[in-house]
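Visitor: Protein sequence lines correspond, in order, to chains A and B.
Each residue of the first sequence is one higher than the one before, starting from 1 at the first, in the working numbering.
Each residue of the second sequence is one higher than the one before, starting from 1 at the first, in the working numbering.
It should be emphasised that the hints constitute simulated quantities derived from the structure, not laboratory data.
Treat the hints with care, since some could be wrong.
In silico DSSO-like links for lysine-lysine, alpha-carbon gap of 30 angstroms or less [unchecked claim]:
| id | chain 1 | residue 1 | chain 2 | residue 2 |
| --- | --- | --- | --- | --- |
| 1 | B | K128 | A | K286 |
| 2 | A | K108 | A | K286 |
| 3 | A | K108 | B | K134 |
| 4 | B | K257 | A | K285 |
| 5 | B | K257 | A | K286 |
| 6 | A | K274 | B | K55 |
| 7 | A | K285 | B | K134 |
| 8 | B | K178 | B | K55 |
| 9 | A | K151 | A | K49 |
| 10 | B | K257 | B | K128 |
Over the 10 angstroms line for every Cβ pair with chain A, so calculated as not near, a few chain B residues [what the hints assert, rightly or not]:
| id | residue |
| --- | --- |
| 11 | E7 |
| 12 | A29 |
| 13 | S35 |
| 14 | L78 |
| 15 | E157 |
| 16 | S237 |
| 17 | R270 |
This structure is a prediction, so every number in the text was calculated from the model and none was measured.
Even glycine gets a Cβ: it sits at the ideal position worked out from N, Cα and C.
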Amino acid sequence: MIEARSAPPQMMTDEIFKLLRDFIYETSGIFFADDKKSQLENRLLLRLKAHNLNEFDKYYYLLKYDPDSGGELRALFDSVTTNETSFFRNPTQIQALQEQVLPETLAKKQMAGESRLRLWSAGCSTGDEPYTLAIVVTEVLKESIPSWEVKIVASDISEKALRSAGAAQYNEYTLRLVPQTIKEQYFTPNGDGLYTVSDDIRSLVEPGYLNFADARRVELMRGFDIIFCRNVLIYFDDDLRRRFVSQLYDNLNPGGYLFIGHAESLHNISSAFKLVHFPGALAYKKD
Amino acid sequence: MRKDIFERIRTIEDLPTLPSVATEVLSLAQSPEVSIRQLSETIHQDPPLATKVLKMANSVFYRRSPQPVDTLHNAIILMGLTQIINITTSISIMSSLPRDSSEEESIRKHYWNHSVATGLIARILDRKLGMRSKGREFVGGLLHDIGKIILDAYFHEDFMEAHTLSIAQHRSIHQIEKEVCGTTHMDIGFYLAQKWNLPPYLSDIILWHHTPSKASFPDITSLISIANQLAKAKELSCGGDSMSFILSDEDSWNILKERGYPVDDLDLERITFEMDALGDEVTHYISTVSDSTPTE
Ligand SMILES: C[S@@+](CC[C@H](N)C(=O)[O-])C[C@H]1O[C@@H](n2cnc3c(N)ncnc32)[C@H](O)[C@@H]1O
Ligand SMILES: [Fe+2]
Ligand SMILES: [Fe+2]
Numbered sequence: 001m002i003e004a005r006s007a008p009p010q011m012m013t014d015e016i017f018k019l020l021r022d023f024i025y026e027t028s029g030i031f032f033a034d035d036k037k038s039q040l041e042n043r044l045l046l047r048l049k050a051h052n053l054n055e056f057d058k059y060y061y062l063l064k065y066d067p068d069s070g071g072e073l074r075a076l077f078d079s080v081t082t083n084e085t086s087f088f089r090n091p092t093q094i095q096a097l098q099e100q101v102l103p104e105t106l107a108k109k110q111m112a113g114e115s116r117l118r119l120w121s122a123g124c125s126t127g128d129e130p131y132t133l134a135i136v137v138t139e140v141l142k143e144s145i146p147s148w149e150v151k152i153v154a155s156d157i158s159e160k161a162l163r164s165a166g167a168a169q170y171n172e173y174t175l176r177l178v179p180q181t182i183k184e185q186y187f188t189p190n191g192d193g194l195y196t197v198s199d200d201i202r203s204l205v206e207p208g209y210l211n212f213a214d215a216r217r218v219e220l221m222r223g224f225d226i227i228f229c230r231n232v233l234i235y236f237d238d239d240l241r242r243r244f245v246s247q248l249y250d251n252l253n254p255g256g257y258l259f260i261g262h263a264e265s266l267h268n269i270s271s272a273f274k275l276v277h278f279p280g281a282l283a284y285k286k287d
Numbered sequence: 001m002r003k004d005i006f007e008r009i010r011t012i013e014d015l016p017t018l019p020s021v022a023t024e025v026l027s028l029a030q031s032p033e034v035s036i037r038q039l040s041e042t043i044h045q046d047p048p049l050a051t052k053v054l055k056m057a058n059s060v061f062y063r064r065s066p067q068p069v070d071t072l073h074n075a076i077i078l079m080g081l082t083q084i085i086n087i088t089t090s091i092s093i094m095s096s097l098p099r100d101s102s103e104e105e106s107i108r109k110h111y112w113n114h115s116v117a118t119g120l121i122a123r124i125l126d127r128k129l130g131m132r133s134k135g136r137e138f139v140g141g142l143l144h145d146i147g148k149i150i151l152d153a154y155f156h157e158d159f160m161e162a163h164t165l166s167i168a169q170h171r172s173i174h175q176i177e178k179e180v181c182g183t184t185h186m187d188i189g190f191y192l193a194q195k196w197n198l199p200p201y202l203s204d205i206i207l208w209h210h211t212p213s214k215a216s217f218p219d220i221t222s223l224i225s226i227a228n229q230l231a232k233a234k235e236l237s238c239g240g241d242s243m244s245f246i247l248s249d250e251d252s253w254n255i256l257k258e259r260g261y262p263v264d265d266l267d268l269e270r271i272t273f274e275m276d277a278l279g280d281e282v283t284h285y286i287s288t289v290s291d292s293t294p295t296e
């Protein structure tokens, strides 16, 4: 509860902005450039209110020195992340996955007598992306799906976003790019304008917490055939981008594909991958 | 079973011909001592063409100065003989070949969009790689698939069959052409290029743009080969296959690299994103060529 006596919070000084910015960068890799001060200020106001604080320095000390600040750190990550996403975002990329990347990957596995298919939605936000991947895989595998061991790992730093992913309920707006037949087949309307993802699709997706700045944990994510890491690198600085992308390379199986955001580029970030052109979309391949 | 369309092409008497001014301009281009006056006079023999060339020189595609150029003479001084020769060739070829078709399923509209897109992309790459092709790359892009328009016009059903198969089987159109028609758009195009007496670099592009390692003009043929693929990746293909590709694995790429062009420095992602507006530019280019109203 906000008490009547609490004065409106003070402005964030440049000094405390730098301290908070560096703290957030060290803990999550998310980087607020100098021109993003007011954005950070707005996002942290709610955290100040939650603790009934009216100064940003006090909040900083709480994060930095309070031994119980672990929970607050998670809440901080919820407020500094942008979770904007939708089903079938950038349809040309989804089409490249459906028409070329998956058929190629599956054919190769069949030749080698393998039946495990592993995808990773790295920065899955509220789940729209991993469920999209699950739907596309299901559409491509059709009747043969029972003979495959499919897993779509979905990771994010925002627990709030992960809770939505777990609930798997979506509104019309985030489903706007979903073709009607797909919507009818894989979603159940529950009356109040929300749609629930079908159990078959949900069973393929495993949401979980992962902080991409935590190199030791990222290293454990091995053996993926296809990684989607779209619209995540934009929040990092070049150092972390380089380190994380080179880890993504290691996390892929040979011949695996990485998709990044529609207008993002690995030029100057990594030269390990081969750039692949699809009609209307780009992806990166590990040789 | 194969129909030897190539043999039948030779017997067709009404194959398209190059407008006489284009022929003259192209032969001027071969002579070492062509003068500004000579070139300008030749183009002026065809007044509507002269108007279009001037209009193109003043369009966003070529314009260099804030003031419009008011005469062909000045345009040549500003842009150079080679560039004006290439603009003229492009325009007169585009105006002389069939552009629209009553056939609903004809590839013709896609064909021109693809050809202009290839030319425009070749121009961008030419600049980024410092190749100084002076507009030859644009003409090359515009003409590389010229054989397709002949196949479409004279052997429509066979060509459409090849086209449909190519999409269904995800195989490249020239392989299927060989199976269905017994020849390819490269061979047919090359035949036409000889007949029209096109300069050797153009016949080379037409014949080898899918196998640049065989070209006698490897630089520009490789350039067009790459531009051709990028045009398809931007969904500006003239139909047929739409397969994925890795440029750094292509012969064309490695030829340019071996010949010292800084291909590895290209920011391909950025170039690909910048091409998002390509469809509009293509439409603009085509309407600039089609529209015969003089510049202000
Ligand atoms: C804009 S969303 C992208 C969602 C989805 N990939 C898409 O393209 O639609 C970016 C996501 O990256 C997550 N993120 C940001 N920094 C992260 C980090 N250090 N570790 C893990 N996830 C992070 C955010 O929480 C957010 O959900
Ligand atoms: Fe071709
Ligand atoms: Fe082509």
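Visitor: Over 10 angstroms from every CB of chain A: does E157 (chain B) meet that, or does the non-interface label fail?
Guide: At roughly 27 angstroms from the nearest Cβ of chain A, E157 (chain B) sits farther out than 10 angstroms, so the non-interface label holds.
Visitor: Starting from K178 (chain B), check that the Cα of K55 (chain B) is at most 30 angstroms away, please.
Guide: violated, 41 angstroms
Visitor: Determine whether the non-interface label on L78 (chain B) survives the test: each CB of chain A must be over 10 angstroms from its CB.
Guide: Check passes; 35 angstroms lies beyond 10 angstroms.
Visitor: Please check whether the beta-carbon of R270 (chain B) is more than 10 angstroms away from every beta-carbon in chain A.
Guide: violated, 6 angstroms
Visitor: Hint check: K108 (chain A) vs K286 (chain A), CA-CA at most 30 angstroms. Holds or violated?
Guide: holds, 14 angstroms
Visitor: Is K257 (chain B) within 30 angstroms of K128 (chain B), Cα to Cα?
Guide: holds, 14 angstroms
Visitor: Does the claim that E7 (chain B) lies off the interface hold, with its Cβ farther than 10 angstroms from every Cβ of chain A?
Guide: holds, 36 angstroms
Visitor: With a cut-off of 30 angstroms on the C-alpha distance, tell me whether K274 (chain A) and K55 (chain B) pass.
Guide: violated, 42 angstroms
Visitor: S35 (chain B): least C-beta distance to chain A exceeds 10 angstroms?
Guide: holds, 44 angstroms
Visitor: When you look at the beta carbon of A29 (chain B), is every beta carbon of chain A farther off than 10 angstroms?
Guide: holds, 34 angstroms
Visitor: Compare the distance between the alpha carbons of K128 (chain B) and K286 (chain A) with 30 angstroms, and conclude whether the hinted pair is satisfied.
Guide: This hinted pair holds, its Cα atoms lying about 27 angstroms apart.
Visitor: K108 (chain A) and K134 (chain B) were given as a pair; does the straight-line alpha-carbon distance stay at or below 30 angstroms?
Guide: violated, 45 angstroms
Checked against the numbered hints given earlier, this structure breaks hints 3, 6, 7, 8, 9, 16, 17; the rest are met.
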